[in-house]
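Chemist: Chains as they are written, first to last, in our numbering: chain A, 810 to 1099; chain B, 540 to 790.
Just so you know, not all the hints are guaranteed correct.
What the hints assert, rightly or not - As a list, the in silico EDC-like pairs of lysine to aspartate or glutamate whose alpha-carbon atoms are at most 20 angstroms apart: (1) B:Lys788 - B:Asp757; (2) B:Lys568 - A:Asp1032; (3) B:Lys568 - A:Glu967; (4) B:Lys551 - A:Asp925; (5) B:Lys551 - A:Glu886; (6) A:Lys933 - A:Asp888; (7) A:Lys1059 - A:Asp1010; (8) B:Lys568 - A:Asp1004; (9) A:Lys933 - A:Asp1010; (10) A:Lys933 - A:Asp977; (11) A:Lys830 - B:Asp757; (12) A:Lys981 - A:Asp919; (13) B:Lys574 - A:Asp925; (14) B:Lys551 - A:Asp919; (15) B:Lys574 - A:Asp919; (16) B:Lys568 - A:Asp1028.
What the hints contain is simulated information worked out from the structure, not anything from laboratory work.
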Amino acid sequence: MNVPLQHPFRKLPSATGVGYKPQHFQAIMDNPAPVEWLEIHAENYMGQGGRPLAQLRALASKFAFSVHGVGLSIGSETDLDVDHLDRLKTLCDWLQPAQFSEHLAWSTHDSHFLNDLLPLPYTKDTLTLVANHVDQVQNHLGRTMLLENPSSYLAFAESTFEEYDFLDQITKRTGCGLLLDVNNVFVSATNLNYDPRAYIDAFPIDSVKEIHLGGHDEDEDSDGAPLLIDSHGREIVDPVWALYDYTIAKTGPVPTLIEWDTDVPDWTVLADEAMRADTILTQQSQVAAQ
Amino acid sequence: MNLTVSQAAFTKAIMTPTLDVPAGLRDAKGDPAGKRFSVYRNNVAVSLTEALIQAFPVIVKLLGNDNFRVLAGQFLRAHPPTSPLMMHYGEALPSFLQGFEPTQQYGYLPDIARLELAIRRSYHAADSAPLHPEALQALPPEKLMLATLEIAPATELISSQWPIFQIWQFNMAAGPKPKMRAEDVLITRPEFDPQNIVLPRCGGIFVQALIQQKIFGDALTAASTHNPEFDLSQTLAALLTGNAITGIKEG
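Looking at chain A on its own, in the form it has when it is part of the complex:
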């Protein structure tokens, strides 16, 4: 992984991408339409060689890539793991992805990695903490990153910022961009009982460089209130498509990713989801061109 891969992709196209799964390799190489770019979870490609890296090498000559970290724990109250930053740098320096993104969340405490995206309160202190960590990531990788809004199942009594204001402040302090996960907005708005469109209206839309769409599960809490779980294991529901439509009318065409991480379906099912996003994006591109 010492020699950077040579490819022409410096920027994600404002088109549809999918979260890459190894079982789709041949289908994507043969007939990817309408998918134009791919996203990988960084941590799955931190081995030393073998099939995972060989597949990326083959795909990178045909597709722009986004590297999406799920293990950096940017919201940790303690220091970032410098070894992990080094691994991310090695991967990015080799693959030369068009974008790198991570989450407004934490996942590691006291060197124990919990393999989930855990929430943090939005206060002046955590704003400084996250901004410092984003600065550190950007300096270490030598590139601008995107930060993604989380799915919320609960809120912190001590929070003093709205999430969109918190994210806006982070972009102003660090120059990072934002990854707007529209499904996460819908999940959080349902779980915490606010209007998802009002959240989109208040979101710092100019900083949005990528959108995520994915499926969620439905449950309810002990009071019988709806509780949506961000599972990435099924089709995107209609209200999320409607919210995407609403969002894209504000942002204009933005690279849009379909995430499907558990119970991964055949390529055709994923391609159908991508087609639906592509239709909305194309309509918006035509509006934007007029």
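Given chain A, work out where chain B should sit, using these hints.
Modeler: Quick look at chain B alone, frame taken from chain A:
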């Protein structure tokens, strides 16, 4: 950083379902979060359990899915991942199984877990270019005995007093019913898919010596001392067909 709900307390409450939900967390009505916290408990337990199920398919088959989930539930709390690289999660499972009371009668389980870990290490190991077999054959025997062989990073060796290769084959490749014997299992990666093969008796001693960069002659002596009938050509063939030899350094 002084968080009202410290991440230490949050982590502890996730990993200990009997603990109260940390104070300071709210639901949609502003009441204490209650069941909503269990989403995180559940997400963490399920994602780590699923990772273990993927990583140890033979152990899952041997114990059955439900029993494996019980094992995983205890293991993940005793040994949460220590790195975000989930591809290596479960390194502590062999030693955990050694002390796991409910499966004590299945003495081979820890070695099966070692084998499954080794297969995963091999899958993710660095690529290497194999040595052409003729290069080995072209070397005069007296030079070969003094030479050191370079072994591919994807090569792994698991020696067991149990028939772990047969158990693996029986469960993963519809192999015959395992018969009791000790086995040295060589794992190679000819291209992308790791392959297992049983080495001839004392082949493990020979390969281990090569991996430790002993000279060829010393490796052969070590194996032949334990087994005068040691089958060198079959052991070398296993290494060569597995693309496990990547170079020769003449002594």
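Chemist: Hint by hint, note whether the structure agrees.
Modeler: Hint by hint, here is what the structure shows:
1. B:Lys788 - B:Asp757: Measuring from Cα to Cα gives roughly 15 angstroms; hence the hint holds.
2. B:Lys568 - A:Asp1032: Given pair Lys568 (chain B), Asp1032 (chain A) holds - Cα atoms ~10 angstroms apart, limit 20 angstroms.
3. B:Lys568 - A:Glu967: Holds - the C-alpha atoms of Glu967 (chain A) and Lys568 (chain B) are around 15 angstroms apart, at most 20 angstroms.
4. B:Lys551 - A:Asp925: 14 angstroms, holds
5. B:Lys551 - A:Glu886: Measuring from Cα to Cα gives roughly 15 angstroms; hence the hint holds.
6. A:Lys933 - A:Asp888: 18 angstroms, holds
7. A:Lys1059 - A:Asp1010: The hint holds at about 9 angstroms.
8. B:Lys568 - A:Asp1004: 14 angstroms, holds
9. A:Lys933 - A:Asp1010: 23 angstroms, violated
10. A:Lys933 - A:Asp977: 13 angstroms, holds
11. A:Lys830 - B:Asp757: 46 angstroms, violated
12. A:Lys981 - A:Asp919: 30 angstroms, violated
13. B:Lys574 - A:Asp925: Status holds; Cα separation ~17 angstroms.
14. B:Lys551 - A:Asp919: 11 angstroms, holds
15. B:Lys574 - A:Asp919: Violated - the C-alpha atoms of Asp919 (chain A) and Lys574 (chain B) are around 25 angstroms apart, more than 20 angstroms.
16. B:Lys568 - A:Asp1028: 17 angstroms, holds
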